[in-house]
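This is what each chain is made of:
2 protein chains.
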Amino acid sequence: MLQPNIPETSQPRVVIVGGGFGGIMLAKTLRKAPVQVVLLDRNNYHLFQPLLYQVATAGLEPDSIAFPLRGIFKRQKNFHFRMAEVLSVNTAGNILDTNIGPIRYDHLILATGSNTNFFGNKQIEQHAIGMKSLIEAVQIRNYVLKQFEESLLMTDETAIRQKLNFVMVGGGPTGVELAGAFAELREYILPKDYPELPVHLMEVYLIEAGPKVLAAMSEQSSEKTVRGLRKLGVKVLINTAVKDYDGQVLTLGNGEQIRSQSLLWSAGVKGVPIAGIAQDALIPNGRILVNEFNQVKGHTNVYAIGDAAQLANDERYPKGYPMVAQVATQQGKNLGNNIRRQLKGETMTAFKYKDLGSMATIGRHRAVAEFLGLKLGGYFAWIVWMVVHLLNLMGFRNKMVVFINWAYRYLTFDRGTRIIIKRGAANIVKLRQTIDSPSDVALNQS
Amino acid sequence: MLQPNIPETSQPRVVIVGGGFGGIMLAKTLRKAPVQVVLLDRNNYHLFQPLLYQVATAGLEPDSIAFPLRGIFKRQKNFHFRMAEVLSVNTAGNILDTNIGPIRYDHLILATGSNTNFFGNKQIEQHAIGMKSLIEAVQIRNYVLKQFEESLLMTDETAIRQKLNFVMVGGGPTGVELAGAFAELREYILPKDYPELPVHLMEVYLIEAGPKVLAAMSEQSSEKTVRGLRKLGVKVLINTAVKDYDGQVLTLGNGEQIRSQSLLWSAGVKGVPIAGIAQDALIPNGRILVNEFNQVKGHTNVYAIGDAAQLANDERYPKGYPMVAQVATQQGKNLGNNIRRQLKGETMTAFKYKDLGSMATIGRHRAVAEFLGLKLGGYFAWIVWMVVHLLNLMGFRNKMVVFINWAYRYLTFDRGTRIIIKRGAANIVKLRQTIDSPSDVALNQS
Numbered sequence: 001m002l003q004p005n006i007p008e009t010s011q012p013r014v015v016i017v018g019g020g021f022g023g024i025m026l027a028k029t030l031r032k033a034p035v036q037v038v039l040l041d042r043n044n045y046h047l048f049q050p051l052l053y054q055v056a057t058a059g060l061e062p063d064s065i066a067f068p069l070r071g072i073f074k075r076q077k078n079f080h081f082r083m084a085e086v087l088s089v090n091t092a093g094n095i096l097d098t099n100i101g102p103i104r105y106d107h108l109i110l111a112t113g114s115n116t117n118f119f120g121n122k123q124i125e126q127h128a129i130g131m132k133s134l135i136e137a138v139q140i141r142n143y144v145l146k147q148f149e150e151s152l153l154m155t156d157e158t159a160i161r162q163k164l165n166f167v168m169v170g171g172g173p174t175g176v177e178l179a180g181a182f183a184e185l186r187e188y189i190l191p192k193d194y195p196e197l198p199v200h201l202m203e204v205y206l207i208e209a210g211p212k213v214l215a216a217m218s219e220q221s222s223e224k225t226v227r228g229l230r231k232l233g234v235k236v237l238i239n240t241a242v243k244d245y246d247g248q249v250l251t252l253g254n255g256e257q258i259r260s261q262s263l264l265w266s267a268g269v270k271g272v273p274i275a276g277i278a279q280d281a282l283i284p285n286g287r288i289l290v291n292e293f294n295q296v297k298g299h300t301n302v303y304a305i306g307d308a309a310q311l312a313n314d315e316r317y318p319k320g321y322p323m324v325a326q327v328a329t330q331q332g333k334n335l336g337n338n339i340r341r342q343l344k345g346e347t348m349t350a351f352k353y354k355d356l357g358s359m360a361t362i363g364r365h366r367a368v369a370e371f372l373g374l375k376l377g378g379y380f381a382w383i384v385w386m387v388v389h390l391l392n393l394m395g396f397r398n399k400m401v402v403f404i405n406w407a408y409r410y411l412t413f414d415r416g417t418r419i420i421i422k423r424g425a426a427n428i429v430k431l432r433q434t435i436d437s438p439s440d441v442a443l444n445q446s
Numbered sequence: 001m002l003q004p005n006i007p008e009t010s011q012p013r014v015v016i017v018g019g020g021f022g023g024i025m026l027a028k029t030l031r032k033a034p035v036q037v038v039l040l041d042r043n044n045y046h047l048f049q050p051l052l053y054q055v056a057t058a059g060l061e062p063d064s065i066a067f068p069l070r071g072i073f074k075r076q077k078n079f080h081f082r083m084a085e086v087l088s089v090n091t092a093g094n095i096l097d098t099n100i101g102p103i104r105y106d107h108l109i110l111a112t113g114s115n116t117n118f119f120g121n122k123q124i125e126q127h128a129i130g131m132k133s134l135i136e137a138v139q140i141r142n143y144v145l146k147q148f149e150e151s152l153l154m155t156d157e158t159a160i161r162q163k164l165n166f167v168m169v170g171g172g173p174t175g176v177e178l179a180g181a182f183a184e185l186r187e188y189i190l191p192k193d194y195p196e197l198p199v200h201l202m203e204v205y206l207i208e209a210g211p212k213v214l215a216a217m218s219e220q221s222s223e224k225t226v227r228g229l230r231k232l233g234v235k236v237l238i239n240t241a242v243k244d245y246d247g248q249v250l251t252l253g254n255g256e257q258i259r260s261q262s263l264l265w266s267a268g269v270k271g272v273p274i275a276g277i278a279q280d281a282l283i284p285n286g287r288i289l290v291n292e293f294n295q296v297k298g299h300t301n302v303y304a305i306g307d308a309a310q311l312a313n314d315e316r317y318p319k320g321y322p323m324v325a326q327v328a329t330q331q332g333k334n335l336g337n338n339i340r341r342q343l344k345g346e347t348m349t350a351f352k353y354k355d356l357g358s359m360a361t362i363g364r365h366r367a368v369a370e371f372l373g374l375k376l377g378g379y380f381a382w383i384v385w386m387v388v389h390l391l392n393l394m395g396f397r398n399k400m401v402v403f404i405n406w407a408y409r410y411l412t413f414d415r416g417t418r419i420i421i422k423r424g425a426a427n428i429v430k431l432r433q434t435i436d437s438p439s440d441v442a443l444n445q446s
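Here the protein sequences come in this chain order: W and L. For the first sequence, the UniProt record's numbering gives the first residue as 1, with consecutive numbering after it. For the second sequence, the UniProt record's numbering gives the first residue as 1, with consecutive numbering after it.
In short, the hints are calculated from the structure, not lab data. Any given hint could be a false lead.
No copy labels: a pair is met if it fits in one copy or bridges any two.
Mimicking DSS-like on lysine-lysine, the simulated pairs with C-alpha atoms at most 25 Å apart in a straight line are [as the list claims (entries may be wrong)]:
hint : residue 1 : residue 2
1    : Lys399    : Lys192
2    : Lys74     : Lys192
3    : Lys32     : Lys192
Take these sequences, add in the hints, and give me the full structure.
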């Protein structure tokens, strides 16, 4: 009964799967091109993932880091959005099969991003908590606050420790920033909100399998980060593998055990391949092999960009580009320009990555940032971190709301959004009855 | 295994059930009293219900109208909060039975508020959508946006109408404000977000069984409201009963039918009685009979305030006080002072309601307000409405975020929070495994 209802025009149709950094930039670059742009996403919003950890730790409201996709493109005449899930692609027939029906394409771009990678460890996958989507971040916030509430109802010290210990696995920016935020919750929020709670029973761990945290940054910044985290009371373990986790006890490579009901896994991501892409175009971590024009191996009108794409045309990145927003954005822009060139009969330009730098925040007044050959740390890096994130956040309203939250938190040492949103079983049952499409309304409770 | 862990002191213990307007004010009034204050709520936040309709219509983020209860009382030394559900009360033994274990009390105050009242119509109850909690409002937002998305995937006009028609039942402030907000969605958001959609197929209805909307206000304000709503394109039907609703088609008292998948019911509320309160203290709508000191019939140390309480000591309100925030707040304050007087051996003061006025907003630049004998309408009433709501909203951060949202919406005709938060099945399964208490984490998806 449902059908995509996308008008047929004489212009070639460019179908983009995924409204992340890459997909958005690509669609924008095609703004005035003589093509019809169709963007598909399972959500109706663009998510600013770099601040997801602040939603998970009650620092920002979920709505402030999400921007409605229709809003972004409301003035772009050649643009059509459909909320849909892609089921498979038929590259021979140039047809994309989705849950709202088949969609024909002339150019297809897979900008499907990545998901949490547990590297095949099923036991950990079953019990660890991932954080890639907005709803996952909200669930983590609910869960963490509930752990605090429940630890107040216990008397056994071991049980309380188990509830209050939080373990971050993976020393990338996400792990570092999460660990810093948890340490700040312990420092500023718990003593005020739970004066009766023995806060000293709470430990925050950051566990990294490799020899340093923030592997993409310099030795200097990495060491500064570890020092900063330790000053905040985070237990940083490097060269430490996580062997097993059953939801209650974590076993390290050396056999040591840590009691915790909360293992947040940010040790890796992987591509999310779509059925119909030839196996020989996929590498083991799910990324799709593309050439320097982001064309998928064996195709000229099927492309992949961002986290989904595996491109190794730069000797600095022999294993492919890092799975970060910068790469996705630049590939989106390059591909958009290449499609415009194709239409004019011009030759395409090979993708060339320009690393604008990287940064991570550790906590109040503490961050590290590297760009233009500079290595910054401390207060100034922290200001730079905030300015860069605010400027890159989409939409004036979101910028203002995030700014207000940060200013409030800075001045009061408080976090405004520590609410547990739950319940509502009554409505959800009703609301589901009238849903026609396979995907469904959420935020419910069972 | 869980237990309330509330310290035993020599001071009398005042247990308040419910962190709404009444419960909060009562706890604050007891700030310096020689008592131990225990507040119980199933949620960890206070909800500013008057703005709930703006969350449901994508005008405000849920977090901006919720304030963590622990945050409100962080400087009140005699205060203890526990997130808990009350199961029953044993008034003979002065014990409250909850899902975190039994809690002893010296004074018990039921400030449990109200829930949607379908007046026994099971068929309507099953299909209509209520809006009393934060999660319900978020669910409505998700649902409404999804109706818009899905109507784009249809070609049959009747099916599209069914998706785009929104029916508000109940002409009180909630129904009026919801209807106005839906009309504004149609006016400002739909044409921009869904240029392909035949917006003229969308209708907004406001149905009231009685002879006027805003029954608590003057004839003049009521008529002004109806004119304002009609100018916005809302179909206002008064003296019109809703006979039946099956989730797709609504049947009116006169046999006429309206096709709609969305019937929002705000035609009435009822008390939520707690097991253990004697039947002869309950009236049919679930409110608890209290005397002028808010003491529950047959008790001296069990009280009810706000929506939960039925008190008819004022000839202006022969059927009891209206179920509004003002009454709850004033009863909370009066009871707090009476408990203090009891402790000093003084006599208690009978509750006396001071109506500070009432107001409702119809849309941009349009509202009605009555206070101090004044009857305001139009632009000025709209400004008054906004100022009063902002001032009454708890917390500086919330005030700022709401203000930013309103200013943004006013200037851009846009609504920033129209995102559909869904999915996350992966995490929720894991997160539920470690939950010990019967209530559970939510915002999940099945």
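Hint check results:
1. Lys399 x Lys192: between (28 Å within a copy, 22 Å between copies)
2. Lys74 x Lys192: between (45 Å within a copy, 6 Å between copies)
3. Lys32 x Lys192: between (54 Å within a copy, 19 Å between copies)
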